[in-house]
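Participant: The residues making up each chain are set out below.
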Amino acid sequence: MSERILMKGNEAVGEAAVRAGCRLYFGYPITPASEIAEYMAYRLPQVGGTFVQAESEVSAVNMVYGAAAAGKYAMTASSSPGFSLMQEAISYMAGAEVPAVLVNVVRGGPGLGDIQPAQSDYFQMTKGGGHGDYRLLVFAPYTIQEVVNLMPTAYELAFKYRNPVVLALDGLIGQMMEAVEFTDFRNPDEIPIPEWAVSGKFRHGGKKNINTSLDLIPEKLEAHNWKLQKKYSEIEEKETRFSYFGVDNPETLVVAYGTVARVAMSALKKLLNAGRSIGILRPITLWPFPKQALAEKARHAKRIVVLEMSSGQMIEDVKLSVFDPNKQYEFYGHPGGVTFTPTEIEEYLVRG
Amino acid sequence: MKVVYERPKTLEKVTNHYCPGCHHGILHALIAEVLDEMGLAEKAVGVAPVGCAVLAYNYLDIDWIEAPHGRAVAIATGIKLAHPDVLVFTYQGDGDAAAIGLAETMYGAIRGVNVTTFLYNNAIYGMTGGQMAPTTLLGMKTTTSPYGRDAKREGYPLKMAETIALQGGTAFSARTALFNPKMIMETKKRIRQVFELQMKGAGFTFLEVVGTCPTNWGMSPVDATKFAETEMVKTFPLGVYKELKEVE
Ligand SMILES: Cc1ncc(C[n+]2csc(CCOP(=O)(O)OP(=O)(O)O)c2C)c(N)n1
Ligand code: SF4
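Protein chains in written order, with my numbering: chain A, -2 to 349; chain B, 61 to 308.
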């Protein structure tokens, strides 16, 4: 049974996590992500969960680390500067193979930047923003409904692959209201505590579990890192997601994700109605990046237009995926919190 | 023949990496003994620090997690909320708990998180080779206070047991040491006390243990133990600073 509720994006993030089985939330206020913490502070006690306002994002993410290493669905959310602070622990979690769902409601940077929607944390989220060789599965939903639909998947994949998963939003998705359809509640008591969890030996047959990212023997650490890379290859193979809208072999291929894709969609509809040979590829996972799909869609394209609310980050992956120097790559972006308008995108695509 | 001393079951049968005369090993053994006596090893989760005790997880036969530098209490908070029925303790050095992780440690006490922190105070950064710690004594020479710690330049030693005792969520805070058999027994008694308090849900329990670092103090094991007994305790007086008698 499902329910349709009118909700603000950030609140929907919280409700979706609760329904997915998350009962532990650790957060620190920051605009434009604070409503997620506020919602959880109000909501979790109603369902027997716990909300903790941490003393910093550093603490918040380490509390998630502890809870997740103990085998539970936990969550934290923040916005860019706070997400930067979490990078050390995220690297540890990737190394120690601790699953968690982390939300980044991206805002304009660098530095304190502003509080408007942005996509300038693409590098930070997809390239391993912390130290060492690691990857995060990064989902970039473009509607509140998609946020809600992806939430259970985010937890499932985090635990399946024992790896942190990021939901990359922006202030626009966080702040807007939409009627969303929610799925049923997953009973957290029915989510098994994994064998590997540090939860007391009595829970897993009396043999001790050690959760660590340390290995002082370089050959052993190398072997561990190759194991991680193998896992990342498997994720690339099985979990890459994207959507495509437009003609089959477009002359102009637009690439955009999140809010930008949403705005671009209405421009695309107009241009398609006018008979243009155009299409938009929207990565749903920023990592793994939909390389193959993009290369295929770009095969006959002359123009490849990358739209981002940044000064051009994803475009690097677009170029690497298409890998053809004879194409015309165009970047059109807004770094700093300015949002695109549909007309602006339409005009740009017509004008070139 | 009557067995007077037995290796605690929970203490792994491996040689540890601690230097001769280092008190980390004694503290490990005491924690293991108390876990055995209380029958809690199956239910315990240890949080190892970044510092000389980073490999503590190899020495006690319980579940362990190795935390980022300073974040042990935050990690412990997550574990305890995930499984309120387990005994959670952090084992940290002074740099870990009182410098980079001061906020996390303090908030354990402020929030009254029902976990235990063992702070091994050796007045120095052992693992990284003898740099100044928040607990370095005035006048003490370290590699980053080569002229001796001068309060005007490097500030004052941080008294954690006293500071933690001031916080509302603290159920217990004390400072003990390991420089003679009597103090070792006292420390053991306090370990039992903090574990009992945690099992009753009392709140944050904190045991600072004055230890040694013969290697980075540049002393023999005997001299280091003597230094702990005569010099360390002047800045870090032993005693109980807060003790909840009644647990609701
Ligand atoms: C973020 C970070 N900064 C610095 C270090 C280097 N480091 C490792 S251990 C340590 C200090 C250890 O001293 P202490 O906590 O007093 O423990 P001890 O080794 O004396 O037992 C430092 C600074 C690190 N591992 N991570
Ligand atoms: S360096 Fe110091 S604290 Fe570390 S093991 Fe050696 S004596 Fe102990």
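No wet-lab data here; the hints were simulated from the structure. Don't take every hint at face value.
[As the list claims (entries may be wrong)] Here are the simulated EDC-like cross-link-like pairs (lysine to aspartate or glutamate), alpha carbons at most 16 Å apart as the crow flies:
1. A:198 <-> B:102
2. A:198 <-> B:72
3. A:204 <-> B:214
4. A:204 <-> B:102
5. A:198 <-> B:145
Participant: Please name the hints from earlier in the document that this structure breaks, with their numbers sorted from lowest to highest.
Facilitator: Violated hint: only 3; rest satisfied.
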